[in-house]
Structure formats: C-alpha cells, structure tokens
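**Student:** Residue numbers (this note's numbering), protein chains in the order written: chain A, 16 to 193; chain B, 16 to 193; chain C, 16 to 193; chain D, 16 to 193; chain E, 16 to 193; chain F, 16 to 193.
Hints listed in this document are in silico derivations from the structure and should not be mistaken for laboratory results.
Quick reminder that beta carbons are idealized off the backbone N, C-alpha and C, glycines included.
Possibly wrong hints are sitting among the right ones.
Stated by the list, open to error - If you want a taste of the chain D side facing chain B, the calculated C-beta under 10 angstroms gives, among others:
id	residue
1	Asn20
2	Leu33
3	Pro34
4	Thr39
5	Met44
6	Thr99
7	Ser101
8	Asp112
Protein chains: 6
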Amino acid sequence: MEGKNAGVSFIIMNEIVLPNDTNTFGNLMGGRLMYWMDIAAGMAAGKHCNFPSMTASVDNLSFKTPIKLGNVVHIEAKVSRAFTTSMEIHIKVWGEDLLKQYTYESNEAYFTFVALDPSGKPRSVPALIPETDEEKRIFDGALRRRQLRLILAGKMKPHDAAELKALFTTPESIGEEN
Amino acid sequence: MEGKNAGVSFIIMNEIVLPNDTNTFGNLMGGRLMYWMDIAAGMAAGKHCNFPSMTASVDNLSFKTPIKLGNVVHIEAKVSRAFTTSMEIHIKVWGEDLLKQYTYESNEAYFTFVALDPSGKPRSVPALIPETDEEKRIFDGALRRRQLRLILAGKMKPHDAAELKALFTTPESIGEEN
Amino acid sequence: MEGKNAGVSFIIMNEIVLPNDTNTFGNLMGGRLMYWMDIAAGMAAGKHCNFPSMTASVDNLSFKTPIKLGNVVHIEAKVSRAFTTSMEIHIKVWGEDLLKQYTYESNEAYFTFVALDPSGKPRSVPALIPETDEEKRIFDGALRRRQLRLILAGKMKPHDAAELKALFTTPESIGEEN
Amino acid sequence: MEGKNAGVSFIIMNEIVLPNDTNTFGNLMGGRLMYWMDIAAGMAAGKHCNFPSMTASVDNLSFKTPIKLGNVVHIEAKVSRAFTTSMEIHIKVWGEDLLKQYTYESNEAYFTFVALDPSGKPRSVPALIPETDEEKRIFDGALRRRQLRLILAGKMKPHDAAELKALFTTPESIGEEN
Amino acid sequence: MEGKNAGVSFIIMNEIVLPNDTNTFGNLMGGRLMYWMDIAAGMAAGKHCNFPSMTASVDNLSFKTPIKLGNVVHIEAKVSRAFTTSMEIHIKVWGEDLLKQYTYESNEAYFTFVALDPSGKPRSVPALIPETDEEKRIFDGALRRRQLRLILAGKMKPHDAAELKALFTTPESIGEEN
Amino acid sequence: MEGKNAGVSFIIMNEIVLPNDTNTFGNLMGGRLMYWMDIAAGMAAGKHCNFPSMTASVDNLSFKTPIKLGNVVHIEAKVSRAFTTSMEIHIKVWGEDLLKQYTYESNEAYFTFVALDPSGKPRSVPALIPETDEEKRIFDGALRRRQLRLILAGKMKPHDAAELKALFTTPESIGEEN
C-alpha cells in the first residue's frame, strides 16, 4: 500500500447554528459541535484510507469561544498521521458572525479513527506523507500524543513513554502544537 | 456557599440506538454518543450548582466496544470535583443488549463545565464533598487531570505540574483511575 | 419460563427540553413527551422479557403541570404486570427546574407492550413478581385496567367486567392508584 | 362567542415512515405516531378556537395494525366536542401501502386540549356544533368519555358518574363508538 | 396499463412551523419547505403509479409570503401529467395563522418524479386523465414546462421547442398558469 | 456600498448521507438535498452582503445521479450576481463514494436570496465583481435567468424579455451554462 499525501484527506464543513443546537445562552452546545467534528473526522479518514472506519478515541479538547445562534460553524479536518490500522485526524473549528464580519477560533482537536474490514476487524491503512511545514510539525507530535492516549487508556506506564517523559524534564510544552 | 455531596448531582440517561445514530457497520457513531454524554454532563453540572453552565473541555476519551443498533446506551454522570467556577464531571457509558442479555463497557470520560451568570461571566460554584471511596479516589485524581488539561491547552508548562510530573518518575499510572 | 422480579425492568431516562420540543408557550409538547415515554416503556419491556416488543396500547394519560424549556424531564418506567404475551408498564414523569431547584409531577401512565417472535407473532413472556408494597398494589390494579382496555377496544362488554363493575357500586376510585 | 361547526376544525396529515421512525421490526414506533397525532390534534384545536392550546389528556389508544417502513401514515383530526375551556379531538389513523395498494386502520383516539390566554390561564372556547350523523354520535359520547377521564384522574368518584355507570348495567358497550 | 384520474393522486399535508424550521426572522426556511414539498410530491407520485419513484427535477419556484413560526403549512399535491416513465406533480403551499385567522399563499411548484423498477431502471407509469377544468389546463401546460426543463437541462435546443417558442412571439405568458 | 469579489462568498459543505436521508432505494431524497443546498446558499448570501437574508426563489434543478447512503455530499455555493436587493447564488453538488473512490455530479442550481433590514424590508446589497472567466460567464447569464424567473412568476411578459427571446431565434442554448 503506497503512502498518501496529507492534503488528500482535507475536508471542510460549514454549518449554521440552529435553535435546537443551542443551550440557554443561545450558544452552540458542546455535544452538538462534537457530533459535527466526528462526522468531519470520519470523512477525512475515509478520504485517506478508502475503507469504512470508526471513532477510536478523541483527545482532550477545550472550547475557547462559544459560537452563537445563527453564526456559521466552520470545521476543517485533515489526517495528521497514520499508524498501522489507525489514523489521527487534526480538526480545527472556527465560528463566523456573518453580520458583524468576524471569525473566531472555537476549538482544535485530534480524533483517532480505526479502519475496519467487512468483518469489523482492524485493517492496514496507507502511510501518511506530510508535505507542508505545518503538516510535518503535527505529524511529529503525533507519537507523543499517541503515548499520552495509551497512558490515559491504561495501556502504557508513564515511565515507559520516553518521548512524553522528556517533556516534563525540559522547558518545552506538550500543548505547544495545539 | 455550602459544599454539596457528590451524590446530589448523579444522573442516569438511557437511550436506544436508532438507525440514524449508526455508521455503516450498524454501530453507534462516536459523535452521537458524545452529544448524549454532553447532555448528561450538563444535567449533572446543573444539579450541582443550580446555575446555567456550558461545556469548557472534554478529556481524552476512548471508545472500547461499539454499541449496536437497537441496543440500550446507558450513561451515568456525577460531578467529581468543583473548582472555583468550574466542575469536573465523571461519565461512564455502557451498552446493553436486551435480547442477548449482556452489558458491556463503552467508554468513560471527564467533561468540564463552567457556571455562568446572566451576563455570561463565570460565577462561583459550591464545593464538592466526596463521600464514597470511589468518589474520594476520583476527587483526588482531579488535580492531576486539571494540570494535564492546562498543559494541553498551553496554559501551564509541563515542568510546573508537580503532581503530574511525579507520575513520570514513579511506576504509578495516570490512567489507573479510568 | 421463570418469573422475574419487577425491579429487573426498572429504567430511568433524563432529557433536557430543547427549543424544538416546545409549543408557543415554551412548554414541552405532549407528543414529544409521549415519544420519550414510549422509548422508556420499550426499554423496560425489553429488560423484562429479553425479546423485541412493540407498543400495543396506551392508557388514559393526563398532563398535570407543563414542563418548561430548559428543564429536565425525568422518566421512570417499570413493568407492572405480565400477561401471556403482553406486559403492562407503569411510567411516571417529573419535570425538574435545576435553577429554581424544584421538582414537579408531570404525568403517570400505563403502556402495554406485546412481545414478538422473529416472524412478528406474539410470544410468551415471563411472569412478573411484584416485591414492594407499591409494586403489589399496582400489580393488583392491572386486571381492572386490562378490563377497561378491553372494553374501550370493544373486545369486552362492560357488564362482563366483574372487577371493574364493582367499582361503580362501591365508593372506591378506579383512579386511586394513579 | 358563537358556536362553530365541527367541520371547521377538520385537518389531514400525511407522513412517510422513515428509517428513524421504526423499531427493529421495521414498523412505525408507537411514540412517533403519538407525536404526529398530538400535532394533528393541536392543529384541529387551533382551527376551532383560534387560541393557543396545549395537550391536557389522551384517552386510551390501542395500536391495531403496525404501519411499515416506507408506508404512508394518514391522520385525520376533528374537534368532537367543546367544553368550557377544553376541546375533545377525535383522531383516526390509517396506514397505506402505495405499492401493494391497500389501506389499513392503525388506531383511533381522543385527545383533549385546553385553550390558554397569554398568561397561560385556561380561557373559554366556542361551543362545537355537530352536523353529520357521525359527528352527533361522537358528540354524544363525549360526556361519557369525560366522566371516565375524571374518574381515571381521581377527580370524580365512579358512583357519581351517572352516565358511565349506566353502561355497566346495560348490554351497551363504552367502546362502541371507537 | 390503464390511465388514472388525476384526483387519485391528490394528497394533503399539514405541518406546524417549529423553532428549528425557522431562520433568524422566525420565518420558515426555504429549504425546510422544499423538504416537505418533496415528501408530498413523492406521496402523490406513489399514489398515481404504485411504484417506488424518485425526484428527477424541480421547476422554478418562488417564495411569495414567508410562513411564520407556529403557523400551519398546508401543502396540496396532485399529479398533473404522466409521461412514459415520469410524472409531473403540481404542488400548492399556503400558510395559515390560526390565531389571526387568515390564510396566505406561500408558493406553487412543479416537481417531476420518475418511477423505478427494483433494479433502479425507469419503468412505465399509467397515463393521467385530467377531469376538472383546472386539471385540464395544467395538463395542457405540462408539455411547455417539459420543453423548458429539457432546454434548461441542456437536452433540447431552444429553437426546437416549438410550443415554448410560440410564447415569445405572442402576448401570452408562460407564467400565467402558475 | 463597495462591490465585492465573487470569491468572498464561496462556501463548501460536506455531509454524509445517513439512513433517514434516504428513500426506499437507499438514495438521498431530493428534498433533503434541497434543504442542504438552501443552507449553503444562505451562507454564501450572508458572506456577500453581511445582512440577514432569505430564500426568494429557486431555479429549475434536475437531479442527475442519485447519491447513495454513506456517500459524501459535496456542495459548493458562490454568489453569481447581485441585483439591487437580491443575490443569485450558483450551487454545484457532487456525490463522492469514498470506498470506490469516485466522484459524480449530482446537480447544479441557482437560488435567489433577498437581503432584509431589521423590519423585514428588502435592503440594498453590494454589487458583485466577477473575476475568473467562469465567474464572468455565469454573471452574464444571470440577466437571462432573471428574465425567465420574472416570466415564470408572471411578473414579465415573454415578449418583453429581449435577451431571453433572442435565444429562441439563435442556435445557442439557455441551458449551456448549466
């Protein structure tokens, strides 16, 4: 299986916040946004591997600025790295107020999807080839995020996570690539 | 403001997986589950603080076993610790196949909600008083998870996270309480 | 087939009233509530018999206090008696205003579900064993409600409904167990 | 306030059963049908009184023949009698299989709606004038159904329900007009 | 295959405009109305041909008066002419304000559906027999509308559309039957 | 008010066809697609004029290839010309099968939106400046489409539509730019 460029998987969604998507403040509910992000991540994963796939995990995500009723939700998703049978997808979300004409960051996240064969077993996916500088930087951080996921899932001991451990003894931030 | 027992915020949701909630494998889509988890977390937060609140962040979550079409999704949410204006909510999700009569773990997560006053500014919430052994254990882990959130959000340097850092020099796992 | 305790079928749903669930007064529409009650009843029936089942009938239900937009809808369902192929499910609904901190009764109802085999024919279900005093009282009333259902469906003549008929010649109320 | 003819409130809905409306047998879920019936009843009530109104109660309803995925749900609603501030609405539901070309009865029910003034208090509605023989017959049965509703809601003692009581000492059926 | 009277396919839908159906002005969104019109057209097509069918095209439609939140959307659909494998359906939409008691035209459109056999290939449908004067007038205009559709789809040259071309050299309006 | 480049209004939507979006053939229903196209058109209009706006009309649209369940619906919308208070939006729709790796045209349409001031009255919008060759070609055709809309809405006589009339006497096709 040949590797594929990161750009192949890039996908854009734009949605309008409707009344039923909002909480009592008239802001987009977090759960509704995660629903859309999951759909965007699934499309990006499908574009990369051309197999059915499903959500395996979602990394820490924090909601910066609430998106208001009637505003546009702009979501961009792109596969950031492929492992044997799984893909990490990088997602960025902005709100846009078309009337007041400004755009604001809402959140950024990493979803992991696993490709499945017809019997529902994980199957190999093509490698991901990063091209731009940003794609390369995010590709490099993927190993560290993967160690963190494994530790948080109780599948790796913190002191075995060499790369991640280094962060706690150097002034560099884990969060910097977010 | 007096503290409140953890049990006060406990809430249960049960839902049935309908066709539109599933991916091509007939399994519940991750995004749809996160939507329900967010609603459950919001109700638990509301029961604790009696103020409107909104999703601030969601910790790493991994989907263990897919929940099938027609199965029951069982969600339990309870506030695990309160900080000045925010609450961490612990959520557990099971699937249940009523016909084959078995129940299986789906995932477990921590959501953080922030309480807001009528002008949309964060406001103080009551302290949380853990009572059972499990509530106390999860309450204690909340500081470490909070440090991790701050680091991942780029708001804290890893080497300043004393409690979290200790994990990388001891054989204990961050993920153990999950 | 062995009988099963009533408690086995007990199920709780909690939902938030969203804008699309409300009428022009900002109150939960009756039809939306009945939709949720039917899902709750179906889960309780499934927990009792472990077969697919479907709604056969719904007893008289009256809406006492409207549930407001943003309030929690709390639904509890439990099988109250099993007949040969059908189950009567007792459902109670409360509204809860998390901000003003009070809970109010919304309605109470009896749904009847029938269990079906793979060809869609009714199949036998386990007997129900009431344990608590309330379960026993509601179990006893089920015969009378069943006579009323048969009369209202035109399948029984009023003067053949011995137990129900007695109510009209004694000062006791049919409605008392509601 | 002048009385209004029953025909004024007559309303028809037709819907298609979509995948998300069905249970595991591919049949329309009872709860989804009740949701549609409630909307139909609300429109009929609105046509009669020209005030906002909301669901007060639903009489016993039994589901005769399940409606299949892809079939048409045909609902007819008409106010059957008006009381001081409430209206009883008679609803009939059929399924229609357009491919096999047959129509089948699904169920029949009586909903009661109450008219409200802007402060949410019950307000008077016009009297209903039945014209056809069927309208008159259903109009006449409304008093008996109202007594039954009051008894079932615990607001009337069975032995005070003169008209209803008579049914239990005569060979006539309560259910006959269903 | 025998022809069928136009009246056989006549179908009525009534819906209430709920919050999620509206734009920021509280008016029914055009897209939501087109969704309902398509369902109505599909039911009319199904009643005429008794085969599964799907949307092939939608003629120009203009939205005259916006329908307000809480108002009734009244849709009438009837097959206006059948061609070999396709049916033109005429749809009229009104809004109705039940409180202020007036009805207003919203729009009028022609949808074309094509009947399909189980392998998804177009199949013959019965001819349509117009009976009333209005049915005949609309039946006659169908040829002209079909020419326009073919031209707009790039499948016919304007100067080959004899009937349509005549309109541009006579004072009669294409739009008059709308 | 200064004119704006066409590219400013360009917007992309990507959606997945879920079970409830399909007809009995497992293909996307026309009405559901029109719902999404209307949202896309509304966002493009909002990006151009920065005012609230609503659907005024939809030009003839024909569905070429059905989009299958699970496929991606890719929608692109861009304002093609602005008139005094209205904007014509050009929309193109493709289906994409991620597993079989091919993309297919679904349809193409022109929606017209009108900008509104807070009292719901039409208000002026900026002129549209086409830049690319395709934008210029579509901009030029807009007058002809507008004449056709006016004729079809009964607001212009065919023999007054000079530009459109010319098409019927020359071998050029109205549909060619579709």
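**Student:** Would you pick out the hints that fail for this structure and give their numbers low to high?
**Tutor:** 1, 6, 7 and 8
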